[in-house]
Structures are given as structure tokens and as C-alpha cells.
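Single-letter residue listing:
4 protein chains.
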Amino acid sequence: MTFNVAILGASGYTGAELVRLIATHPSLRIAALSAYRKAGQRKGDVYPQLRHLDLPVLGTIEQIDFGGIDLVFAALPHGLSQALVRDLPRSVKVVDLGADFRLRDPAAYEKWYGAAHVAVDLQAEAVYGLTEFYRDDIRKARLVAGTGCNAATVQFALRPLISAGLIDLDDIICDLKNGISGAGRSLKENMLFTERASDVLGYSQGGKHRHLGEFDQEFSALAGRPVEIMFTPHLVPMSRGILASCYLKGDPKAIHAELAARYADEPFIVVLPFGQLPGTGAVTGSNYCHLGVTGDRKPGRALVVSTLDNLNKGSSGQAVQNANLMLGLPETDGLLLAPIFP
Amino acid sequence: MTFNVAILGASGYTGAELVRLIATHPSLRIAALSAYRKAGQRKGDVYPQLRHLDLPVLGTIEQIDFGGIDLVFAALPHGLSQALVRDLPRSVKVVDLGADFRLRDPAAYEKWYGAAHVAVDLQAEAVYGLTEFYRDDIRKARLVAGTGCNAATVQFALRPLISAGLIDLDDIICDLKNGISGAGRSLKENMLFTERASDVLGYSQGGKHRHLGEFDQEFSALAGRPVEIMFTPHLVPMSRGILASCYLKGDPKAIHAELAARYADEPFIVVLPFGQLPGTGAVTGSNYCHLGVTGDRKPGRALVVSTLDNLNKGSSGQAVQNANLMLGLPETDGLLLAPIFP
Amino acid sequence: MTFNVAILGASGYTGAELVRLIATHPSLRIAALSAYRKAGQRKGDVYPQLRHLDLPVLGTIEQIDFGGIDLVFAALPHGLSQALVRDLPRSVKVVDLGADFRLRDPAAYEKWYGAAHVAVDLQAEAVYGLTEFYRDDIRKARLVAGTGCNAATVQFALRPLISAGLIDLDDIICDLKNGISGAGRSLKENMLFTERASDVLGYSQGGKHRHLGEFDQEFSALAGRPVEIMFTPHLVPMSRGILASCYLKGDPKAIHAELAARYADEPFIVVLPFGQLPGTGAVTGSNYCHLGVTGDRKPGRALVVSTLDNLNKGSSGQAVQNANLMLGLPETDGLLLAPIFP
Amino acid sequence: MTFNVAILGASGYTGAELVRLIATHPSLRIAALSAYRKAGQRKGDVYPQLRHLDLPVLGTIEQIDFGGIDLVFAALPHGLSQALVRDLPRSVKVVDLGADFRLRDPAAYEKWYGAAHVAVDLQAEAVYGLTEFYRDDIRKARLVAGTGCNAATVQFALRPLISAGLIDLDDIICDLKNGISGAGRSLKENMLFTERASDVLGYSQGGKHRHLGEFDQEFSALAGRPVEIMFTPHLVPMSRGILASCYLKGDPKAIHAELAARYADEPFIVVLPFGQLPGTGAVTGSNYCHLGVTGDRKPGRALVVSTLDNLNKGSSGQAVQNANLMLGLPETDGLLLAPIFP
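Those protein sequences? They're chains A, B, C and D, same order as listed. First residue of the first sequence? That's 32 in our numbering, and the numbers climb one at a time after it. First residue of the second sequence? That's 32 in our numbering, and the numbers climb one at a time after it. First residue of the third sequence? That's 32 in our numbering, and the numbers climb one at a time after it. First residue of the fourth sequence? That's 32 in our numbering, and the numbers climb one at a time after it.
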């Protein structure tokens, strides 16, 4: 059976990654593509890498007939999805790749995103899209909120450890190295090639990054008490990939054992042998997440490293994985592409 | 039906790309992997990006039982395939990704590779593996010689034009920009990251590059007279991709029309609208070749640009495409992965 | 003796490179900096790499008192310098790094830049800034027009050969590989890191690049007849550097001998031994230009490769070299910094 | 006055950086260059970027007449300097850029480097080369041991804070991002361009990195008690630069004030305004170190970021700075080159 999907905001990087993944998906068909600024442009100009595909013309959201659409992927800037999803027919399932439905608490949304939410009912209805931890809810959901890419990377490392009570909750330090595509395709001087090609630079340091809203919500719920991690992302000169180095207090062997057990049956989460660390280059272009654990000469300290491709497992791959569940398809459909190296 | 394949020389980049492609191929199964220097190493060390796959242990060629193998991919340094293929059971089909069987004339082989060929009969039997031009022969072949990656890139641009008599055969200048993976995974000081990261440098200039043997053989045969092109590759700081800028004397509109007509039904060759030029970034990780044609303010001059991924369409993708034909499978099986961008 | 200089358009890459060079120049003092869009911004935000220097506040052009300025470097978008220079006191010398005064013929200016020149008298007065060929005129000039960076690269290769009658003037093909900083610091989607990091792409092909106006003017004057070269630049993933591969008809040994003789006494032009090709990485950050010549298996064909740093010898280094001459200083002052590698 | 220097191990990256710096140094003259593997090679092949300089022929150490040498820079692999320095005339001053003399305790040397020291007397005599903290001793030293590049980066951030008792000594976590040139010019598969161009990967994690020997020695001496930091370097795809993100427990404002006060008069250490973080790109090619401090939403936590160019301030720039002191020259001679950006 084939399902018709629409991709809104298709001209950005997550939109293009969705098209790439769906191009070889056995059961999804791209029925509509919207791209506000680029509506009406030639496909080859917006997506030179997808010239060979028979894709619908890029249009505006208003031009889409949602009657024939089974599922919508919304890859829009935060703030735009709320009203849009509110106005869609209830028969259309939605996977939102933006930030609009990640935070269940309207006050938290307003705190981190600086504006009141306009679809509070939907915000409450939305299921948080971290597949490996919300799988059953996602199967039944009409609206799934894709996680932040950083938020996914770190949660794969920490959730099982918090649940199992294996780490000191007051001393969690996550240092991230982020590929530039996480900044999207919008025009910013500091994202020019020349600005980034030979630079490593921290940003949103000191507790200001919006993905902290997700961490606070999820980790506090798991722990049953407030948890605040330290979290500092750094831009590094590569296009794709996030590597999270998590400095923890706990027994490294027990930590490794817990992660290995928790993910033993997960098709997309790979736990490396104890003492080995993963690199971003081994997951590029794929829906896989690699986890590694090592100890330190100081007893009771552990380093857990998590890496994934921010555009894929961190965003569009996760979205397809969730769509598969929502549509009753095999969860791995279209997602078994091996990483590309070099 | 499933066919068992062996990959010899699996630890290099073309070997890894074969594994990546076959991982999602519907009818090929990797039954054996050999890697001389790395035999016995842990899979995760040699292929961190393929950890999730259930692959055979890396062994030596001697350890392989070729009785159960339908087809061998030989990704070996030139000189090593000759004796190996000679000693294989005749029931095993072979796609050679190296240079050993590309040149039909033993004297030409000796001239360009500096040693006498040890399997001259096989050299005569081998079919040249440029699929789009040798498709019928490849279907019937036992031994197919994969082309050089540069040789493929340039031939897609020039073969139809030479056949149609559209260009001056004495003034063909091909300037190539080459990703670093073309140099393979062997240890050379000038291939260190630090040496290549901010450098563009020509090499094998002045008629010394071995792929000239292929050009001479193929273009002279097409033209019915000797043809010698000027050909200069340049290393550029990226991992994958070749871009060939071919400066030609001929009518650009006629050239474009000829290429568009010739490749209209080819699944992997895309001819852009007249006046548009392709970039390497739009074919990365795929089996597609993009071609563009433009004119100049000087009448009678044309620029034809051809680009492909050297590890894929230029080597391992081509090899799978040929294997599909040799095994009676649909030609595009396992090869419709869309390029990855960014 | 110390001369006061002002840099107009100081926030772009050529402006920053001027500051970098003048920072260790023995006789120039930066007395004023203007940067229209960034006027008033903190120095550390605009120039994090120049935090340690005691620089004037970035202001607007209107805020500068040109009475105390000996020489102005104008690093402005084309079109803006014309009126500005017209209105400066005649006592102020000017090195213009833009395109406004490169073309002596007002009709040529209008043809390539799409608007009438507003200071035609100055256009006639301006000296073309290719130091090694206009040194005596530059010494006496009030207004020097810096060359295009591509134009400089190619002219170092070709001028002596055209003057000496050593090459076929109707078959000159120049294929350029260009670092991304040549596009400047302005916001363009196709200059984002993610768009350029793994791509090689030709642009302004087919005789459309504005630097052709300079080539036509200079080469036709040298030859005493119209000369039109084919010229195609390509963006490659590095920040700095231009490599021009010039395919010529002529005797390669004679070509090498001519270049070696012509540049024997030039402090910044290095001709490599015959058969060796230069790379961009060996001139990064410096005012040096490296030239290499090789032959081909086809007799009578030569490849001449020229490389320089577009922001330095191709722009700001050249500007300082010319300013030194105009101010009666030693020509190499401030310019002997060795290239940075790796 | 001009001093004659010899550079031993001149063909590596720190050796080439020494040549680059000394090329514009007012008082140092390169009198001899040795390079074991490359002795006798053409200068243009080993140093294409230094072709324009009039340098001595690369020879072997044995060929050098140390009678005329005032100071030796030894840029040799660890283990080789010990015997060499032992056998030099006592009249020759030595700046060692390797690891042989960094650890005063022979047992510590043996622990971290796996072999007994062969010149224990010299090891005791050597002054640790972190200029800003050992300036007076360096002035009087005959033998100065250059610090590790990571060791320098982190010490600039932490030394004043440990001395002032401003941070919790049991919870110091340093996460480093390292340019690839830190691995040197030796042949390793994992340092090929293709292996590193799109990867971030931790290494020597868990307390195994040799620079920990320096940290333990220095920090414990400052604190008057054992101090063991957690320290994890990560390879990132750029050639130069180290960025150390140091996660500390202490008052961020007090930390910033202490660093600002401590380095107020240092010519090469720049402390950014509170809340701003430095990037590696702003120190490339220079002897500057940039430091930034920010707080967190959790009170009592601070992030101190330190960045420098590993080949320059982290190695060869530091070496020249120390040589200046040892020879009675102005400390900043030859070192005021502004960073290169982009």
C-alpha cells in the first residue's frame, strides 16, 4: 500500500533529506512539496541533487489539496507550524520537524521561544518523537513532534542512565560538536563557508540553548525531580553530524552494561565495545546512532559519547521512522541506508 | 533469487563502497570479504560505518571457497588481479575494479603500467565496463574490466560527440578536479589531511596519467583514427567527486542536442538544460552522472562539464551495475540511492 | 616616516587583509576605518582575529577627516568608488581595490558593469595596478586601480608570452579553481558552508565573467590586435587561493625560459623548475605568485599554471605593494610574510 | 646583532613553522637545517611554500658544525632529543620542541613515555617553557623544554585560577577540539584527508594522553596537593588550532576578573569581555591565545574557553618567544604577525 505525503518547507536541508529518504522508500509517495520563498522555482535549481526524480512542482502551502494527503511532514521555522497544523483536516497525520510541539507545558514553550503558543490543545496532544522511547504512543498519534537534533543525541546517551539511577544528576556536562547544517539554509554571515571553514566556536553557551527546554522536560520526568544539565554546543567545520561528549559521575562499566542492554534490540542504536569511542563520520547520511563509553583514571567518572547525523537520525530519518509507525508500516522501511564514508 | 558475491580488497574505499551499496541490494549477498593487510582485524575498526551489518570476517583470499561464489568483485591494486582471475574457477564471474583488464592491447598495458601482462588471454576476453556503451557485451561477459574513474567521467562527455563527428579531434582539452578518495587509502605523505585541506594542485600532467591509455584506446576506436586528448587532473580539498571541464571546438547547441538525445533513456545519466553547469555536490554518494553544456562568446567553442562520484559511478556503482547485467538482474537494482546533500 | 592611511569598506575580507598586512608594516598607520553596515560595531565582533590591535573605531565614510590622510584604500563594491574618489581632496592618494577604475574605456565599463561611469576623467587618469607591469606609472600615480584577482593570476602567466609572440593568440584556454573568499563576505545562499563544503562548480562560464573586460583591454593592447581568451572559474572548497591552468599552443621550453627570464628579478614572482606545477597551498597568506610550466605528449602544447592568494597578491597585498610605490617606500615593505602552511 | 640558529627536524610542521617565523625575524638567521628522512631533498619539494627564501640545504644532524650556532631548535620525535642535547657543546642554547625535557621527574617521564630517560641531569636542568609563567627562569636557561600544545592551551586557562584558589580542584573537565596538524607529518592511515575530512572523533580518552604528565606536574605544584584533571581531546576537520572548553566549579565573574588581571600586561594573551567565547579561527597563524569566560544557569559553574594555534603559540611561536628571552632579545620579536582570517 502506498501513502501520499506532503512536505512543507521542502527547500531547506531537512526537507531535502526527507525527499532523499522517501525517494527509495517502498510505501511513501511525495504528493506535494511546498517552499514558501522558492515556490515556482525550477526543481533543478533548488535540488540539483534530485534532478533525476519525478517530483511535484514546488508550490505554496495554500496550493496543496490536503484531501488526498495521508501524512504531512512539516519542516518549518518554529512558530509557523502551530496555526498550520491547527487548520489541517483531522484526517491528516502530522510529523512536525520543528520546535512547535516539543514542549508540553505552554509556559515552557513561551519561556524558550519567546511567544505564546497559539494551539495549546495540539501542544498537549502531540507525542514527543524520540522513537526508541515513545514508540507505542507514536503508533497511535495523530501529531508527533520531532525532537531537536541535539536533544536526540544527548538523550540516547543519558535516558537509560537516569532511569536506572546510575549517574549523579547534579553533575551532567555535555559538550557537543556540531556540523554546520544544523544552522539550516538561512542566510547568516557567520554561516558563510569562509567564516566556518577553519574555525571551532562555542555558541548558546551558559544555559541559553533552546534544546534545554527539551532536556529539562524529559530528564526531570524520568528522574522525578528537577534535572538541569550543562550543555554547550560548538560549531565544527563539517556539514553533517553531532558528537556529544557527556562527562558523568558513575561507574563506567555499569553505564556501558546498561546502555548495551537497553539498546540490544534497537535496529538503529549501536553500542560500541567498552573503551571505544564513535566518530561522526561513521553515521553520516544514515539513521544510525553510535554510542561509546569509557572510564577515566579517576574512579567513578565516565565519558559517554553519542553521535548521529543531525539531518537524518536527528531530524528527517527520525521523522520517517515515526511516520512508518503512525502509518502501520515496518519501522525500518526506507531507513536502512548504510552511512557514507569517506 | 540471491547471488553470493565475494569482495577482494575490501578494506579500501572502493571495497567499502561496494559493501555499502550491496547492503541494500535486493539480490546480492556478501559471502566473503578479503583484505590482505587487515585480515583478521575487527570489522568495527576497518569499517566503523558498517558496524550494524552482519558481515563475514575479513580474511585472506586464500581462505575463500570460491565454489559457492557466483561473482567476485576484485578491488585490488593493479598487477594483482591478473594471476588471481586466471586461477579462479571459470564458473565464477568477475568484475575487476582495477586497471588490469582495461587495455586490450598487451603492449599498451605494458607501456602504461610498466610490466608485462601475465594473463594475456583474459585481457583479450575482458569486456570494457563502461555500461552505457558496452551493455550487450557485459550481459554476456564472464570478466568485466571496470573503467578508470577519470576515464568514465570524460567518456560520458565525449563519446557521443566523437561518434557523431561533432568536435575537432585534435583540440580536446580536459581539465579535471578530483576528490582525494581517488588516491585510495594507501599511506602517502601528500594525502595527509594537513597537506590537502587548503590546496589545489595538478598532477600527472603533460600526458603521463595512466587513464590516457583508456582514452587512446576508446576514442581512437570510435573515431577510426588516432585521437590524443590533453588531460590534466587536479586534487581539490573534498573527499568524493570528479568534475571534468572539457574545452571543445564544435557547435555548442549541436553538442547539447546530441548528448541529450544519446542519454534520454539512460537511467543514470542526466543532461542539464543548455547553459547550466553541474557540480560534484549534486552526485555525491550516487550512481548518477550529470552533464552540462555551454557555449562561449567565441563562436564554435563549447564547454562540456561532466561530473560523477569517483567511488560510486566511477567505480563501485559501475561495478554493481555491471554485475546486475552479468547476473541477469535489473540494471538499476541497489543503485537508485539519491545523492546526499549537503 | 609614517603615512596615515584610511581603509574604506574595512569590514569585508580584503579590508581585513589590509589591516592584517598594515599591522606589521613599518611605515603605514591606520588612521581611519569605515564600514557602512557595521559602523559602530565592536571591533572584536567584526574582527575577532584583530582584537589585540589598537585600531580606530569603525565609522562611516562621512565621519573621516581626509585632511590628515595620506592615502586611501577603497575596498568598496563596484559603483561606489567613483563618486567617492571624485569628491576627495586631490592631495589624497587612492588605491582602489574594486572594479571602478580598471577599464580605461567608458564604453567597456558600461558593457561589463551595466551602468555609465560617473567619473570618466578619473577613469582615464587611473593607472592599472598590476605592479610588475605598471611599476613606473604607479610610482607617479594619484589613483591606482587594483586588478581583479583572477585577472592578476592569469596575466602573470600570459603577459610575457603574448609580448614575446610565443603563443597562439586564438587558442588560449584558462581554467581557474577559486577559493570561496573571492565571493566576498556578502550573504548569498550558495556561499553558505554547507553549500560549498563538498562541491566543485563552474560559474560565469561562456564569456560572461567581468574580469574578461580586463583581459580584453590588456591582452589586446599587448598584442596590438584583439585577443579573446576562454576563461572559466570554478569554486572549490577552500577559503583562499586561485589556481589558473592555462592551456596554450606554443613551445613549452621556450615559454618556461621566457617566464623565468622575465621574472628573474621580481621579488614576489617565483617560476618553478620546468615540469613542476605549483599549488595554491604554497602561497596562502602571502604576496607571492608561483608559476609552473610543463609540456604535453602532443608537441607544441603547453600548460602554464599560475597561483596566488586572491585576498593578498590578488588584492590587498597588491594594494600595499602599489601604495609603497606611490608613497616612495621600499616596494616590499610589509609584504615579506612567508606563506602559511599547513 | 644577529644570532645563528639551527633547526633540527626541520621537515615536519613545527620545523616549517619555525622557518616561517624566523623568515621575518629581525635578529635570527637560519644557519643550518636538518631533516633525517629528507636530507638532500630539494627545498622546493619539502617546503614549496618557502621557495622564495634563501635557506641552507637540508642535511643530517651529523653534518652541522655546532661551533657557529648560538641556539638550536630541536623539533624531533620524543626520545631523540635526549642524547642529542647531551652531546652538544655547552655553549649552544637549546629550545626543545619535543617532550623529552618537559617532565622534571625521571619516574614520571618513564611512566608516560615508556622508556628510561638517558640524560637525567639535563632533565633536571631544563626549564619548562610556558613563557608567561617561567619567564625569569627562561631568560637564564641554557635548555628550555617547550610545552605540549594541549598543555599550553589548558594551562593558560587554569593556572591563575588554581593559584588563586578559585576553582574546585577535584572537578576540572577539559574537552579539547584539535586541528589535525597536531598529529604531525608522519604517515598514519587515520590522518589521511579522506579519513578526517568529515569526522569528529575523541582519542586518548580516559586519562591516557601523555600531556597529562605535564598537567599533573604543573597543577599539583601550583596547588600544593595532587590535582588530576579529566582531559579528552577530539580531532576536528581543520589543520590548525586547539580549543579547550574547561568546565569548572567556581564563580564565573571572579574567574573572569582573575584572568583579566593576570594577563593584563601580557602581549600575547587576550581575555575577551565576560560572556564572549573565542574561536580557533581568530588565532590561526599567530602567537596569540584568546580566553573567554561565561557562567551557566546553574550558579557556581563556569566555562572557560582557551584557544591558540597549536603550531605557533602551542609550539614554534612559543619556541621563538623563549629563544628571544634566552638571547636577550625583545620578547615579541618576530611574533607580532596578525592571525590570518579567513
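There could be a bad hint or two in this list.
When chains are identical, the list treats them as one kind, so a pair holds in a single copy or across two.
Unchecked claim - Distance condition first, Cα-Cα at most 25 Å in a straight line; then the derived SDA-like pairs of lysine to any residue:
| # | residue 1 | residue 2 |
| --- | --- | --- |
| 1 | Lys69 | Tyr234 |
| 2 | Lys280 | Val149 |
| 3 | Lys329 | Asn221 |
| 4 | Lys329 | Gly75 |
| 5 | Lys219 | Thr55 |
| 6 | Lys329 | Leu253 |
| 7 | Lys329 | Gly359 |
| 8 | Lys280 | Pro330 |
| 9 | Lys284 | Ala295 |
| 10 | Lys284 | Gly238 |
| 11 | Lys142 | Glu259 |
| 12 | Lys219 | Pro108 |
| 13 | Lys69 | Glu93 |
FYI, nobody ran anything at the bench for these hints, they're computed from the structure.
Here is how each hint holds up against the structure:
1. Lys69 <-> Tyr234: Result: close only across copies, 21 Å inter versus 29 Å intra.
2. Lys280 <-> Val149: So Lys280 and Val149 fail the 25 Å test inside a copy (41 Å) and across (40 Å) alike.
3. Lys329 <-> Asn221: neither (39 Å within a copy, 28 Å between copies)
4. Lys329 <-> Gly75: Classified as neither: same-chain Cα gap 55 Å, cross-chain 28 Å, threshold 25 Å.
5. Lys219 <-> Thr55: neither (33 Å within a copy, 31 Å between copies)
6. Lys329 <-> Leu253: Close across copies (20 Å), not inside one copy (28 Å); limit 25 Å.
7. Lys329 <-> Gly359: For Lys329 and Gly359, the Cα distance exceeds 25 Å both inside one copy (48 Å) and across copies (43 Å).
8. Lys280 <-> Pro330: both (9 Å within a copy, 19 Å between copies)
9. Lys284 <-> Ala295: Within one copy only: 16 Å inside a chain, 46 Å across chains, cut-off 25 Å.
10. Lys284 <-> Gly238: Classified as between: cross-chain Cα gap 16 Å, same-chain 30 Å, threshold 25 Å.
11. Lys142 <-> Glu259: within (15 Å within a copy, 39 Å between copies)
12. Lys219 <-> Pro108: both (15 Å within a copy, 19 Å between copies)
13. Lys69 <-> Glu93: This pair counts as within: shortest intra-copy Cα distance 14 Å, inter-copy 39 Å.
Taken one by one, the earlier hints fail for this structure at numbers 2, 3, 4, 5, 7, listed in ascending order.
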